[in-house]
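With the sequences and hints as input, model every part of the structure.
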Amino acid sequence: MVSKSTFYYSKIIALIVLSVGSLCLAHGMVTINESTPLRTIIDNHVSNHWKEEKITHQGRCDDSTFLRRIYLDLWGTIPSHDEAKTFLNDQDPKKREKLITFLLSDPQFIQNQTNQWDLILFGRNPPNQDATRNRTPFKQWLSEKFKTNQPFDQWVRELIIAEQEGSELFYAQFNNKPEDLTESFSRIFLGTQIQCARCHDHPFTELSQKDFYGMTGFFVRLVVMDQGSSGSGEKQFKKFKIGEKSSGEVLFSGNQKELKPGKKGEPVKPKFLSGALLEEPPLPGNFKEPEFKTGTKSLPKPLFSRKEKLADWTTASNNPFFARAAVNRIWSQFMGRGIVHPVDDFGSQTKPILPDLLDTLTKQFIDHKFDMKWLINELVNSQTYQLDGKGENKDSLPAHFERARIRPLSAEEIMAAMKTAGGDPSFKSEGSTGEYFRRYFGEPTNGLGDFQGSLSEHLFLNNSSNVRAFISRKKGNLADTLILSKEPWEQRVDRMFLSVLTRLPKDPERVKFTAYLQSDPKTESLVEEAIWVLMNMSEFRFNH
Amino acid sequence: MNLNNNGKCENIEHISRRTMLKATLATGTGNAIANWGGLFNSQSIAQEAQKLGKRCILLWMNGGASQIDTFDMKPGKSTAGPFREIQSKLPGYKVCEYLPKMAQQVEKLGIIRSMRTASPDHPDGIYHMHTCYKQSERMPHPELGAMIGKYIGNKDSDLPSFVRMGPTGNAGSGYLGPRYEPFGIERNGNMPYFTTPYLPPANETRRNDLLRFMENESRKDNITDAFESHRVAKERSWRLLRAKSLFDTSKDWPKHQDLYGASDFGRGCFLARKLVEAGVPFVEIGQDNYDSHADNFVCHKANMQILDPAWSGLLIDLERSGLLQDTLVVWMGEVGRTPQINNRAGRDHFIRGWTIVLAGGGIKGGVVYGSTDADGRDVATNPVSEGDLFATIYTALGVNPRAKHYVGTRPIWATPEGSKPIKELLA
Chain A
1 MVSKSTFYYS KIIALIVLSV GSLCLAHGMV TINESTPLRT IIDNHVSNHW
51 KEEKITHQGR CDDSTFLRRI YLDLWGTIPS HDEAKTFLND QDPKKREKLI
101 TFLLSDPQFI QNQTNQWDLI LFGRNPPNQD ATRNRTPFKQ WLSEKFKTNQ
151 PFDQWVRELI IAEQEGSELF YAQFNNKPED LTESFSRIFL GTQIQCARCH
201 DHPFTELSQK DFYGMTGFFV RLVVMDQGSS GSGEKQFKKF KIGEKSSGEV
251 LFSGNQKELK PGKKGEPVKP KFLSGALLEE PPLPGNFKEP EFKTGTKSLP
301 KPLFSRKEKL ADWTTASNNP FFARAAVNRI WSQFMGRGIV HPVDDFGSQT
351 KPILPDLLDT LTKQFIDHKF DMKWLINELV NSQTYQLDGK GENKDSLPAH
401 FERARIRPLS AEEIMAAMKT AGGDPSFKSE GSTGEYFRRY FGEPTNGLGD
451 FQGSLSEHLF LNNSSNVRAF ISRKKGNLAD TLILSKEPWE QRVDRMFLSV
501 LTRLPKDPER VKFTAYLQSD PKTESLVEEA IWVLMNMSEF RFNH
Chain B
1 MNLNNNGKCE NIEHISRRTM LKATLATGTG NAIANWGGLF NSQSIAQEAQ
51 KLGKRCILLW MNGGASQIDT FDMKPGKSTA GPFREIQSKL PGYKVCEYLP
101 KMAQQVEKLG IIRSMRTASP DHPDGIYHMH TCYKQSERMP HPELGAMIGK
151 YIGNKDSDLP SFVRMGPTGN AGSGYLGPRY EPFGIERNGN MPYFTTPYLP
201 PANETRRNDL LRFMENESRK DNITDAFESH RVAKERSWRL LRAKSLFDTS
251 KDWPKHQDLY GASDFGRGCF LARKLVEAGV PFVEIGQDNY DSHADNFVCH
301 KANMQILDPA WSGLLIDLER SGLLQDTLVV WMGEVGRTPQ INNRAGRDHF
351 IRGWTIVLAG GGIKGGVVYG STDADGRDVA TNPVSEGDLF ATIYTALGVN
401 PRAKHYVGTR PIWATPEGSK PIKELLA
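So the protein lines, in turn, are chains A and B. First residue of the first sequence: 1, per the working numbering; consecutive thereafter. First residue of the second sequence: 1, per the working numbering; consecutive thereafter.
Please keep in mind that the hints were generated in silico from the structure rather than gathered at the bench. Where hints are given, some of them may not hold.
Which stretches of chain B does chain A cover? Using the computed rule of at least three CB atoms under 8 Å from a CB of chain A, they are [unchecked claim]:
#, segment
1, 105-115
2, 190-197
Derived DSSO-like pairs: lysine-lysine, alpha-carbon spacing no greater than 30 Å straight-line [stated by the list, open to error]:
#, chain 1, residue 1, chain 2, residue 2
3, A, LYS390, B, LYS220
4, A, LYS54, B, LYS301
5, A, LYS264, B, LYS134
6, B, LYS404, A, LYS351
7, A, LYS210, B, LYS155
8, A, LYS522, B, LYS244
9, A, LYS512, B, LYS220
10, A, LYS271, B, LYS134
11, B, LYS301, B, LYS94
12, A, LYS394, B, LYS77
13, B, LYS134, A, LYS506
14, B, LYS404, A, LYS210
15, A, LYS394, B, LYS155
16, A, LYS177, B, LYS134
17, B, LYS220, A, LYS51
18, B, LYS94, A, LYS394
19, B, LYS301, A, LYS85
20, A, LYS419, B, LYS220
21, A, LYS390, B, LYS155
Every value quoted in this text rests on a predicted model; they were computed, and no experiment measured them. Note that beta-carbon positions come from the ideal geometry of N, C-alpha and C, so glycine has one too.
This is how it looks when you write it as structure tokens:
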């Protein structure tokens, strides 16, 4: 456990109240000015909030907890036994910062970011299954963006333009359904749920059906053009190009409830969300839309591109939604809930608890040219991120960020963590194993995002050879190492815990496991069972 | 078995778990697994389950059964088809000649002949008739079975709250989450994947006890709902396997085959009876092959010969075991079939006026509600929507049809606004 003395929120608050320019942090006097790192500003905002609301908060988490948490959040897996040992033995007071820098500079981080954003953009069960089942080219495109740390506004712009190879799939999933695309686009990039306004004026917000169909106007002229497929078997993927027509309008026919059959809608002009109508030159009188033939490689260019205007407006630094929605989402990736929660519902009546912090994050993100890596680095270096996850509060996503959030590992993370823990890096976890894991661990929450353990998940964990394969003895893996070791069982138990749970056992645990592993002459079975037990713990199931 | 330090039961410990504890102590360690399944069939557990109240069995006619060839016959009309009518037990009400056994059960039935629904095809109709909401809304609505599991299931039960067999629904537990997901088995009771332990029972027991020890250690520090949900689900998965023998019908089936008819579907109905008796609140059994775009009459004749004994057998068996008054049996599919007979002697999908039948718990028997016009081309009186049907089902089971949930910040109700239960059918 960490002593309170490493955590100086109370002193920080006291000095802020005096509103002098300087305050005391854990490692000395710091002045809040333009060069104060964002991490410090975050901690100030959060601790002020606790003080105002009289919230009891946790202290700094211990090194083991931090280590497991940061690996999962940045790499999507747990550290190996050796990595854990090295970190825990390191005496450098700056070792957390050092580790963060290292993790952020590694290709694993790029891979993990790619998986995260792929899920944000497609979800677990995207529409147009045929096209979206294998998203390899899209993920390649996306990972290039993270590899060069391309600014967020730039890559989103390219996603909207959809002319780079691989990027087309975002539109292709909606396969010429502009209303569905409008819903997803607004949710993901503008943090606004406008699906209510699809059928009726939104009951709680200013949004009307005209707003919804105004946004749809930007997508209505897009054409998803099938370009055949590449590869074969499981590796086959479909290719697309996105065309844009010069004509075609959304027809709006009023409230769905009052809809009469046969009633024709009126054309709606494109309108930026809660903003201006699009200014658009009229089509020439003699205009005839060129044909969009299936299979053609080069598509006709529109006389006037609505999607370019949408891209300009969306990614502009003065867009009222874009940067805010992005920082809020990235914040939630590490802090559990958004400052606005749910992250894609800025329009709802729920007031953010830290509005000034959200403003600051937004402004700094823009000032730092939408640099995602910088933002993530600041977030995870904050004391707020590094709080302990324990405490009386049963809520998995504490409302005031007073302790670390508890989040279930994704299907991909569980697989990766089992692979690391099992100690056989050559183990192949794709194919049917991957499918099973995605099926049983893919969507572990109810409609409100609360975790729910499922029967099928546990039947799979208990009885599946796909899970057993990560654990059972193979040359050089964890089970094998433990069986062959000549060390006392206590030390072998330590190794097992460090490998699977990234921590050493507590005394009663060590005693229990040491006895268990010697309770039968068939050591191999006992070792396998014991590793299974650690992998089946709630402690393993969550990032905490 | 784990008691915490002060000897008090943790919240995962509960009535039936305590019962198991006794059984375990009585038989010594290691034998608990074998013994546990037997407990379920015992009188005391059945009574325990009965005290919990209502249950529901859904007989799902996959593809959509023809109303004109079953319960809404149109003799003498161009739409009638070749089947003849027979008199039912209800004076003046006739049903198809291939439902002779059901004709004798009519006093138990509430027959709705005026379903007018909105989703004309299979995936959307299956979704709509399992959730009472349109699939195109793209909201994760839960199926009836998940809702029933949530509202009338005993959360401490060792059994899943929603069991299904054969071709059934496509929506799952939706916004209610994995706690209420359907548990799919085969109609002969065969269990799904991953229900056969790879370890010998003794190893399984010691391994699971070691995990219990660890979770009890962990509980001292980690008390969030998420952790507890994981632990509870683990215990449920173990308890389910101990109740596995309940799903095994191989011994009892020969004795019931005559009553239910020797078919997969009949056997599924028998298993459903066993499951509701043991306290499973919702069981769904699908019957295949109703989608008769061609050869409607061959198809329906064959299906009814399976359906008639299975369905009537179920009602008789439920009545005999005193379960019928608390068990609602619903008979429906995703669509009806056109009055018009096409040029392949088939009937296509039809949603302008078709039939659904309710029976048992909460339903007034011997009632025929609503009607279609002379040729059966549209509803003539008392149209019933998906929402009305679900409101009726929920009311019969004692569940508030306007129960409110949230998906994110969006409120959503068990049935759509304006849905009304059919008073005439409610007991």
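Against the structure, the hints:
Coverage of the segment 105-115 of chain B by chain A is violated in this model, with 0 residues showing a Cβ closer than 8 Å to a Cβ of that chain against a need of three. For the segment 190-197 of chain B, the proposed coverage by chain A is satisfied: 6 residues have a C-beta within less than 8 Å of a C-beta in that chain, meeting the threshold of three. For the hint linking A/LYS390 to B/LYS220, the alpha-carbon distance of about 10 Å falls within 30 Å, and the restraint holds. Restraint check for A/LYS54 and B/LYS301: the C-alpha separation of about 73 Å exceeds 30 Å, so the hint is violated.
Only pairs whose Cα atoms come within 30 Å are accepted, and A/LYS264 paired with B/LYS134 is accepted, the gap being roughly 23 Å. Distance check on the hinted pair: B/LYS404 and A/LYS351 sit about 23 Å apart at the alpha-carbon level, within 30 Å; holds. Restraint check for A/LYS210 and B/LYS155: not satisfied, since their Cα atoms lie roughly 46 Å apart, outside the 30 Å limit. Taken as a hint, the A/LYS522 and B/LYS244 pair is honoured in the structure, with Cα atoms around 29 Å apart against an allowance of 30 Å.
For the hint linking A/LYS512 to B/LYS220, the alpha-carbon distance of about 17 Å falls within 30 Å, and the restraint holds. A hinted pair counts as satisfied when its Cα atoms are at most 30 Å apart, and A/LYS271 with B/LYS134 qualifies at roughly 29 Å. For the proposed pair B/LYS301 and B/LYS94, the alpha carbon gap of about 17 Å is at most 30 Å, so the pair holds. Under the criterion of a C-alpha separation no larger than 30 Å, the hint pairing A/LYS394 with B/LYS77 is inconsistent with the structure, at around 66 Å.
Between the alpha carbons of B/LYS134 and A/LYS506 the distance comes to roughly 53 Å, so the proposed pair goes past 30 Å and is violated. In summary, the hint linking B/LYS404 to A/LYS210 is supported, as the alpha carbons are separated by about 28 Å, within the 30 Å threshold. With a C-alpha separation of about 20 Å, the suggested pairing of A/LYS394 with B/LYS155 holds against the 30 Å cut-off. Our distance criterion of 30 Å between C-alpha atoms is met by A/LYS177 and B/LYS134, whose separation comes to about 17 Å.
With a C-alpha separation of about 28 Å, the suggested pair B/LYS220 and A/LYS51 falls inside the 30 Å cut-off, and the hint holds. Between B/LYS94 and A/LYS394 the alpha-carbon distance is near 60 Å, which puts this suggested pair outside the 30 Å criterion. At most 30 Å may separate the alpha-carbon atoms for a hinted pair to count; B/LYS301 and A/LYS85 exceed this at roughly 72 Å. Among the hinted pairs, A/LYS419 with B/LYS220 is consistent with the structure: their alpha-carbon atoms are about 28 Å apart, no more than 30 Å.
For the hint linking A/LYS390 to B/LYS155, the alpha-carbon distance of about 27 Å falls within 30 Å, and the restraint holds.
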